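Protein sequence lines, in the order shown, are assigned to chains A and B.
Going by UniProt numbering, the first residue of the first sequence is number 1, and it counts up by one from there.
Going by UniProt numbering, the first residue of the second sequence is number 1, and it counts up by one from there.
Everything labelled a hint here was simulated from the structure, so no lab data went into it.
Please note: incorrect hints may appear among the correct ones.
[As the list claims (entries may be wrong)] Keeping only pairs whose Cα atoms sit at most 27 Å apart, straight-line, the calculated BS3-like set for lysine-lysine is:
{"hint": "1", "chain 1": "A", "residue 1": "Lys26", "chain 2": "A", "residue 2": "Lys271"}
{"hint": "2", "chain 1": "B", "residue 1": "Lys128", "chain 2": "B", "residue 2": "Lys140"}
{"hint": "3", "chain 1": "A", "residue 1": "Lys289", "chain 2": "B", "residue 2": "Lys46"}
{"hint": "4", "chain 1": "A", "residue 1": "Lys24", "chain 2": "A", "residue 2": "Lys364"}
{"hint": "5", "chain 1": "A", "residue 1": "Lys271", "chain 2": "B", "residue 2": "Lys46"}
{"hint": "6", "chain 1": "B", "residue 1": "Lys5", "chain 2": "B", "residue 2": "Lys140"}
{"hint": "7", "chain 1": "A", "residue 1": "Lys26", "chain 2": "A", "residue 2": "Lys273"}
{"hint": "8", "chain 1": "B", "residue 1": "Lys89", "chain 2": "A", "residue 2": "Lys333"}
{"hint": "9", "chain 1": "B", "residue 1": "Lys23", "chain 2": "B", "residue 2": "Lys172"}
Source: prediction; values computed, not measured.
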Amino acid sequence: MAEHNHHFDPAEMEEWYDFTSSSKRKLIIGMLAGLAILLIGAFMVSKGIGIGIEHAHEHAGHGHEGHEHGLPGWAKRVVANLWMNAEFFTGISVIGMFFVCIQYLSWAGWSSILKRVPEAFPAFLPISGGILIILYFAFGQELFHWRHEGVMDPESEHYDAIIAGKSWYLNNAFFIVRTVLYIGLWYGLWVVLRNLSKQEDAVGGTEWWYKMKNLARVFILVFAVTSSTSAWDWAMSIDTHWFSTMFGWYHFASWHVTGLAVTTLAVISLKEKGYLRWVNENHLHDLGKFMFAFSIFWTYVWFAQFLLIYYANMPEETIYFRERFSGYGGIYKAPFFINLLLGFLFPFLWFMTRDAKRNQTFLKVGASVIIIGHYFDFYQMMMPGLVGANAGFGLIEWGTTLFFASAFIYVISAQLTKASIVAKNHPMLEEAVHHDI
Amino acid sequence: MDTNKRFLVGVYDDDDEVLAAVKSVRASGIKVHDVYTPFPVHGLDKAIGHPRTRIPVAAFMFGALGLTCMFLLTLYTMALDWPMNIGGKDFYALPDFIPVMFEFTVLFTAFGMVFTFFISNGLWWGVKPVIFDLRATDDKFVVAIDTGANRKTEAEIEKALRDTGATEVNIKEVVEEAA
Numbered sequence: 001m002a003e004h005n006h007h008f009d010p011a012e013m014e015e016w017y018d019f020t021s022s023s024k025r026k027l028i029i030g031m032l033a034g035l036a037i038l039l040i041g042a043f044m045v046s047k048g049i050g051i052g053i054e055h056a057h058e059h060a061g062h063g064h065e066g067h068e069h070g071l072p073g074w075a076k077r078v079v080a081n082l083w084m085n086a087e088f089f090t091g092i093s094v095i096g097m098f099f100v101c102i103q104y105l106s107w108a109g110w111s112s113i114l115k116r117v118p119e120a121f122p123a124f125l126p127i128s129g130g131i132l133i134i135l136y137f138a139f140g141q142e143l144f145h146w147r148h149e150g151v152m153d154p155e156s157e158h159y160d161a162i163i164a165g166k167s168w169y170l171n172n173a174f175f176i177v178r179t180v181l182y183i184g185l186w187y188g189l190w191v192v193l194r195n196l197s198k199q200e201d202a203v204g205g206t207e208w209w210y211k212m213k214n215l216a217r218v219f220i221l222v223f224a225v226t227s228s229t230s231a232w233d234w235a236m237s238i239d240t241h242w243f244s245t246m247f248g249w250y251h252f253a254s255w256h257v258t259g260l261a262v263t264t265l266a267v268i269s270l271k272e273k274g275y276l277r278w279v280n281e282n283h284l285h286d287l288g289k290f291m292f293a294f295s296i297f298w299t300y301v302w303f304a305q306f307l308l309i310y311y312a313n314m315p316e317e318t319i320y321f322r323e324r325f326s327g328y329g330g331i332y333k334a335p336f337f338i339n340l341l342l343g344f345l346f347p348f349l350w351f352m353t354r355d356a357k358r359n360q361t362f363l364k365v366g367a368s369v370i371i372i373g374h375y376f377d378f379y380q381m382m383m384p385g386l387v388g389a390n391a392g393f394g395l396i397e398w399g400t401t402l403f404f405a406s407a408f409i410y411v412i413s414a415q416l417t418k419a420s421i422v423a424k425n426h427p428m429l430e431e432a433v434h435h436d437i
Numbered sequence: 001m002d003t004n005k006r007f008l009v010g011v012y013d014d015d016d017e018v019l020a021a022v023k024s025v026r027a028s029g030i031k032v033h034d035v036y037t038p039f040p041v042h043g044l045d046k047a048i049g050h051p052r053t054r055i056p057v058a059a060f061m062f063g064a065l066g067l068t069c070m071f072l073l074t075l076y077t078m079a080l081d082w083p084m085n086i087g088g089k090d091f092y093a094l095p096d097f098i099p100v101m102f103e104f105t106v107l108f109t110a111f112g113m114v115f116t117f118f119i120s121n122g123l124w125w126g127v128k129p130v131i132f133d134l135r136a137t138d139d140k141f142v143v144a145i146d147t148g149a150n151r152k153t154e155a156e157i158e159k160a161l162r163d164t165g166a167t168e169v170n171i172k173e174v175v176e177e178a179a
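If we strip away everything but chain A, and leave its shape as in the complex, we get (with noise of 0.2 Å):
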């Protein structure tokens, strides 16, 4: 190829990213600030002085289940964010490697070139999933319906007939082996996985790129299962009476999608800091047309979601959106829509064309517009059970979200530094390199 005659030398490629001081200080005070502000929010609506939009007075016990548990309504509201964030970015997390394992089994060339980002990703899975081992021991009772004293006991006054009959899944021990089990799977191949790659970096040789693909078969196969089981024990166990057989998938289109959003912003923001040098614009496309796809393919499996629902209009499956549409006050009714806007109708105008997916610009703001749109969808996918007419939107959620979102900044930048940010010896990287779409 006389255009790219250029001598392609894999030890050019090598580029080691610095984790400066000045940004671990300010991913520490965003970590401080955010817990801070968790704080002072919490202890404001625990006194009943509102900043944000704060509903806990108006509505007290409307609809949902009826009994009230343990915690007070402002505690209850902090273990919520924390447990929706902690699964929000457990997801974000185990999909860095859910995209890595499918471009080695789809024979990708042109994500070689930017691979180790997502593949830095999974390292917060600890983090993320030893809060939620953690908040589930502490708060396993406040969390979740089927935890409540009494709903399995045919002899107590709070027996549910409906509950007690998921106790086979719904019990103790096998939710504590099944969600260290998912943890520890995805965590462990991922160790497995990113070992390799290194690896290959220090010698060379096709021979590991068939080794990850052998081991991106295996994952592929572990999370097909648990993507779906860790929605229904992590998010859809929450409204212990309903369920939606749609509920896995709908759940994972929602992480996934963030998932993708956030490697485009780690992409970009890598490169404005003169990183990623052979990225360029035909890179960002193919995650632009990403996002844009897996944009609506979350809106089809939710839509199916809720039309079957809507259609069929069964009390007991309808309650689900009854809750959001109008429960508590219609006080989840914004959430439920600012989801669906930001989370379709805008990614869809604003990346339908070919010049908006390889703008940067345009990047950012779509992938930030997704993120934002699907924190809603998990807000509104866990709140109504969790809290119920207790949720609001102010200083508790900024200060959750924003602590998670350092932690999890400063973990992958961490995790980044271990490793050249271009997998140098990668047998496709010449092939990226020359991408051209």
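Add chain B to chain A, keeping to what the hints say.
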């Protein structure tokens, strides 16, 4: 009335050569009619300088048309002409009709794009294709230059082609039947 068009056809042996040739020929101010290659050559479409396709615009229009058609059809049949009570819902229960609106958006977009593509490329039944050099389907890379569309003389164009590595330069007369 039939019009004659006279083309100079440069034949090249190599994809890199033809890509460089097209760039340098165009840089010297010669308009390139088209290039024919046995396989896609990356960057060639940009090098020829054809304007970007507007087929995505057509796609959007066809999609919007399909969406509108199905919206109006479902509205007319299910709510206006013969309202039916289905499960006690509104006569026009929008979510129920989104699947068919979606499907027709896709259908109109797909068919609309295919037909737009064929028509805008002059590909319909009975059309006799202009073949500048049959070897473009085998191992040669063929650059066609419309002499009528260029101010330079044929000798100058031929020299430009030869200088950039053309192994042969042939003349091709094309008779276009008046529409």
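Hint by hint, here is what the structure shows:
no.	hint	result
1	A:Lys26 / A:Lys271	holds, 20 Å
2	B:Lys128 / B:Lys140	holds, 22 Å
3	A:Lys289 / B:Lys46	holds, 21 Å
4	A:Lys24 / A:Lys364	holds, 22 Å
5	A:Lys271 / B:Lys46	holds, 26 Å
6	B:Lys5 / B:Lys140	holds, 23 Å
7	A:Lys26 / A:Lys273	holds, 16 Å
8	B:Lys89 / A:Lys333	holds, 21 Å
9	B:Lys23 / B:Lys172	holds, 22 Å
Every hint from the earlier list agrees with this structure, and none is contradicted.
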